[in-house]
Amino acid sequence: MNAPLESTVVKTTAESTRPVPARPGIDWLRALLPCGVAALFLLIWDLSVRFSGSDLFPKPIEVARAIVELIQHGLLVKYVVASLFRVSWGFALATLIGIPFGLVLGWYTRAAQAFNPLIQIFRPISPIAWIPVAILWFGVSDAAPIFLIFLASVFPITVSAMAAVRNMQPVYVRAAKNFGLSEWELFSQVIFRACLPQIITSLRIALGIAWLVVVAAEMIAVNSGLGYLIIDARNAGKRYDLVVAGMLMIGLIGLGLDMLVRKLENFDEVRWGYANRS
Amino acid sequence: MTAAPFFSLRRTVMTFAVVWLLSVSLLHGWMNLHLFTGSQGGRAQYRFRIGFLPVTCHLTCPVTDFINRQQTGTSIFDPVRFNAWPELKEAYLSGYTPATFILAPMAIALREQGVKIKIVYLGHRDGSALMVRKDSSIHTIDDLRGKTIAIPGRYANQRLLLYRELKARGMTLSDVNLVEMPPPDMPTALYAKAVDAVSSGEPFMGQTELDGYGRCLYQAKDVWPGFISCVLAVNEDMIKKHRPQVQELVDGIAKSGKWLDTGMDHRMEAAQFVSTLYYNQNPRLLAYVLSKPPDRVKYTDLKPNRANFEEIEMLGKEVGMLKGTAHFDDYVDTSFAPDDDKVVAQDFEYKTQ
Chain Y
1 MNAPLESTVV
11 KTTAESTRPV
21 PARPGIDWLR
31 ALLPCGVAAL
41 FLLIWDLSVR
51 FSGSDLFPKP
61 IEVARAIVEL
71 IQHGLLVKYV
81 VASLFRVSWG
91 FALATLIGIP
101 FGLVLGWYTR
111 AAQAFNPLIQ
121 IFRPISPIAW
131 IPVAILWFGV
141 SDAAPIFLIF
151 LASVFPITVS
161 AMAAVRNMQP
171 VYVRAAKNFG
181 LSEWELFSQV
191 IFRACLPQII
201 TSLRIALGIA
211 WLVVVAAEMI
221 AVNSGLGYLI
231 IDARNAGKRY
241 DLVVAGMLMI
251 GLIGLGLDML
261 VRKLENFDEV
271 RWGYANRS
Chain X
1 MTAAPFFSLR
11 RTVMTFAVVW
21 LLSVSLLHGW
31 MNLHLFTGSQ
41 GGRAQYRFRI
51 GFLPVTCHLT
61 CPVTDFINRQ
71 QTGTSIFDPV
81 RFNAWPELKE
91 AYLSGYTPAT
101 FILAPMAIAL
111 REQGVKIKIV
121 YLGHRDGSAL
131 MVRKDSSIHT
141 IDDLRGKTIA
151 IPGRYANQRL
161 LLYRELKARG
171 MTLSDVNLVE
181 MPPPDMPTAL
191 YAKAVDAVSS
201 GEPFMGQTEL
211 DGYGRCLYQA
221 KDVWPGFISC
231 VLAVNEDMIK
241 KHRPQVQELV
251 DGIAKSGKWL
261 DTGMDHRMEA
271 AQFVSTLYYN
281 QNPRLLAYVL
291 SKPPDRVKYT
301 DLKPNRANFE
311 EIEMLGKEVG
321 MLKGTAHFDD
331 YVDTSFAPDD
341 DKVVAQDFEY
351 KTQ
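If you read the protein sequences in the order shown, they are chains Y and X. Taking the numbering used here, the leading residue of the first sequence gets 1, the next gets one more, and so forth. Taking the numbering used here, the leading residue of the second sequence gets 1, the next gets one more, and so forth.
Calculated directly from the structure, the hints in this document are not laboratory data. Even glycine gets a Cβ: it sits at the ideal position worked out from N, Cα and C. Where hints are given, some of them may not hold.
Unchecked claim - Per label pair, the in silico range of CB-to-CB distance:
#1 Y:I121 - X:L35: 34 to 40 Å
#2 Y:A64 - X:W20: 26 to 32 Å
#3 Y:E69 - X:P293: 29 to 35 Å
#4 X:T12 - Y:A111: 29 to 35 Å
Build the full structure now, drawing on both the sequences and the hints.
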């Protein structure tokens with residue numbers, strides 16, 4: 001659908017005098033458009049701070065300096081690693097438990113009837129509400145934020161896996177049964193595979209949520225992480241440049257993680273599920 | 001896109017997940033948990049954690065830790081910095097921090113609720129204030145009527161301090177609008193006119209002065225001399241099992257307090273190393289609140305005194321903060337606290353790092 005725009009760009013570049021379409025790998029407009037919007041956003045941000053006369057809210061350049069300061073002090077890498085460690089383990093545990101649990105609930109109606117109300121009760125409780133419980137159970141170690149991140153991401157994964165089984169085409173199962181597959185084979189070879197596209201989408205959403213709650217999870221007295229950076233900067237007087245630097249880093253890493261999970265959609269085992277949507 | 005069999009997806013995901021989790025765990029262990037930096041020393045000795053907040057009321061905690069580490073290379077305790085009162089309290093309740101700096105009324109209230117907690121020493125005296133904006137129309141306590149005032153929490157002694165002032169002028173807390181707010185957020189709230197006044201421990205009150213928009217309505221030292229906000233409390237089980245360590249802790253805190261109060265140069269040195277190593281604040285801020293004026297906050301005369309606590313109990317009961325079921329002997333253990341005239345200042349010479 002980008003074809004007309006693509007050809008316009010090709011025509012305007014100096015080296016593209018030949019009437020050959022651009023290589024499919026390079027879509028300049030696709031790269032330039034978000035950069036343009038980001039630049040416009042930075043400009044509006046900068047002008048808003050200048051015109052408001054606020055000396056508390058930082059300008060983009062001050063945030064950039066804060067990021068450089070964090071790098072120079074060796075803190076940025078440490079904090080990014082700490083946050084990634086907690087999110088990775090929380091999310092990994094949520095995936096390991098959420099997917100099989102969701103598949104089982106989706107397949108066995110009685111199990112769903114038994115567990116679904118409880119899941120729906122736990123699902124809307126904010127991770128912030130769990131902070132006191134997490135501290136009482138796990139103290140202030142890494143286990144507490146990992147537990148909060150696990151809680152935030154396990155329910156979306158479970159519910160999506162359950163819904164995926166429910167919406168699965170019955171023909172797959174009928175065919176599998178005709179081949180005489182055992183219950184385990186049915187799960188691993190048919191149900192799981194049939195649900196994979198939807199599961200991958202739910203993982204993408206859940207990873208976003210896991211990364212979203214990192215600030216809340218690191219409100220517990222851990223002494224590292226991007227969430228900690230934001231909370232700690234509030235102690236430091238007028239260091240709102242560090243607050244915004246932390247926010248920016250969380251956003252950028254969130255984007256990177258999302259791009260990583262989206263790579264899974266390129267596998268044929270998953271891509272068939274999206275074929276009719278593109 | 002290259003067609004890939006099912007196993008290649010599984011293998012890719014599995015390999016990536018394992019490599020990712022392993023590398024991120026190793027990096028975290030190395031960079032943040034310092035797992036691979038050799039032994040910590042003194043492992044046979046009992047070590048414990050102490051909770052504190054980055055406020056001047058808890059200054060003796062990092063000062064003692066710093067001096068211990070400078071003199072002996074280790075410390076009997078690990079200071080754990082919190083950012084808000086609820087998390088600090090919950091970490092104490094969970095047993096994670098068997099000793100903690102805590103608001104005096106909060107410790108009394110916990111005792112009333114059956115928590116095994118004993119106050120063994122005071123954190124400081126004075127060092128609290130109520131600030132308004134420079135351009136505010138509030139000039140006397142009477143002007144506070146109907147105004148919104150931020151306090152650190154319902155169990156904060158600043159609430160009792162305010163109540164005491166209002167009561168002296170025939171008012172009660174219902175004549176003002178109290179909101180609870182973490183102290184680090186107070187300067188910004190005052191600057192943005194979100195509240196009319198803020199009251200907490202230092203350095204957040206001094207910060208509003210230093211940044212040029214705050215005006216002091218009252219200092220604790222002027223209206224309630226010897227004001228106590230925070231105390232050092234320990235778990236009763238720790239007192240039973242590790243009495244020598246509790247004594248060592250109290251002695252260290254007492255000597256550090258004396259060291260802080262013997263010479264302005266000591267306070268300026270503390271402002272430097274505490275700001276950079278423990279509080280992550282601008283050293284100028286701590287230097288300001290520890291010197292302007294020098295008696296803004298004091299770290300001597302820290303032995304718990306019955307009359308002080310009975311006044312807190314009485315005021316706490318009047319505002320509905322305390323039930324009045326726990327008394328001085330229930331929540332205080334004075335056996336560790338040395339008499340003030342017997343406390344000797346730490347023998348410590350600060351060398352710039």
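Hint check results:
no., hint, result
1, Y:I121 - X:L35: 34 to 40 Å, "39 Å, holds"
2, Y:A64 - X:W20: 26 to 32 Å, "29 Å, holds"
3, Y:E69 - X:P293: 29 to 35 Å, "33 Å, holds"
4, X:T12 - Y:A111: 29 to 35 Å, "31 Å, holds"
The structure fails none of the hints (numbered hints given earlier).
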